[in-house]
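Enquirer: Given next are the chains, with one letter for each unit.
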Amino acid sequence: MPEDIHGQLNLFLRERGILTDFQVSEPASTSGSINPPIEIAVAPGFTPITSVSVTINNQTNRIWLNGTVGLTATFDAAGVVTVTLQLLRGTTIIYQTSKTISSPSVLPATVSEIVHLEHIDVTAVSGELPVTATYTLRAQADTATVTSGGPVTLTAAQLERNP
Amino acid sequence: MSEKENAISTGIRDRGILTEFKFSESFVTPRFLTTTPVVLSTITLRLDDTENQVWLNAIINWAISAGPVSGTADLLFEILRGNAVIYSIAQSGVFLSGSTTLFNAQLQHVDDNPLGGVNITPAFVQYQLRVTPVAVPGGITASTLSQVFTAAELKPAIC
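Protein chains in written order, with the numbering used here: chain A, 1082 to 1244; chain B, 134 to 292.
It should be emphasised that the hints constitute simulated quantities derived from the structure, not laboratory data.
Careful: at least some of the hints might be erroneous.
Said to hold, decoys possible - From the structure, some residues in chain B lie toward chain A, with a derived Cβ separation under 10 angstroms:
hint, residue
1, 204
2, 219
3, 225
4, 238
5, 241
We put the beta carbon where it would ideally sit given N, CA and C, even for glycine.
So here's chain A without its partners, still in its complex pose:
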């Protein structure tokens, strides 16, 4: 078989990877490395944590988003604080999750917690391509007792449609 034909057949028969772009924003990679720590705003405010941008080159592509944030809550009295994290594409909220952090029985206390969120954006773009989409992770707490001293990681993987 001539080499060029053999090469073309390989194109038809072999599955190729569909993960075609990967972007990360990781402003802090270790616990306590953000100093002073980011103070998480009290509702109705939000604190931007980090952003990542992806250039999307096909309307059928999906953006697989993963965020991981280290949080700290300080308690002087018994109670629970709720932290809400949102993912935005531009200014549009596309994902939201909440986590409660409870005080221990021995006070005062500082409690460390991890929040991880995951979302697939299937309607990332419309109109003319390519388009750069900016995804922002932001947070809100119901009391002024929550901070983030790191780490903060936000990744965006672009996946083409399944073959």
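Dock chain B against chain A, hints included.
Expert: Frame of chain A; chain B shown alone:
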């Protein structure tokens, strides 16, 4: 356009950048935590380009069994490249007396300099998943129950 031409077009456009994936998983061996760091998993990856990144993810399930005490235990979960800590995240376990409480810790890190400036490829890079007990009070048993640790090698995107 004919089917054949479509197929060629797809073949040319497809350009997956995830080129290697390794994992380490354990669900069977509890590791008890006292005062010293414990290595939970190790992964060795063969990197074939200095520009490649490594996307590291881990989930650890851990537990506290408390006696007649209440309080907080603090753990630091770490990822090491060789002997260097490249990522860490803290989690507290709040526990009540006489109870067993379960926790999940999730780690995510992108190592954008996996070869540490060395320009020789291919090269092997070892990553360790480690937990360091920062504060484990007396009267409790803290242990990890299971963990999964993954490493994905990613080439730069071709736009």
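Enquirer: With a cut-off of 10 angstroms, does the beta carbon of residue 219(B) approach a beta carbon of chain A closely enough for the hint to hold?
Expert: holds, 6 angstroms
Enquirer: Holds or violated: residue 238(B) as interface residue toward chain A, Cβ cutoff 10 angstroms?
Expert: At about 6 angstroms, which falls below the 10 angstroms cut-off, the nearest Cβ of chain A leaves the hint on residue 238(B) intact, so it holds.
Enquirer: Going by Cβ atoms only, is residue 241(B) closer than 10 angstroms to chain A?
Expert: Holds. Min distance 4 angstroms.
Enquirer: Would the hint on residue 204(B) be counted as holding, given a Cβ-Cβ threshold of 10 angstroms to chain A?
Expert: holds, 5 angstroms
Enquirer: Hint residue 225(B) vs chain A: min CB-CB distance below 10 angstroms?
Expert: holds, 4 angstroms
In this structure, every one of the numbered hints holds.
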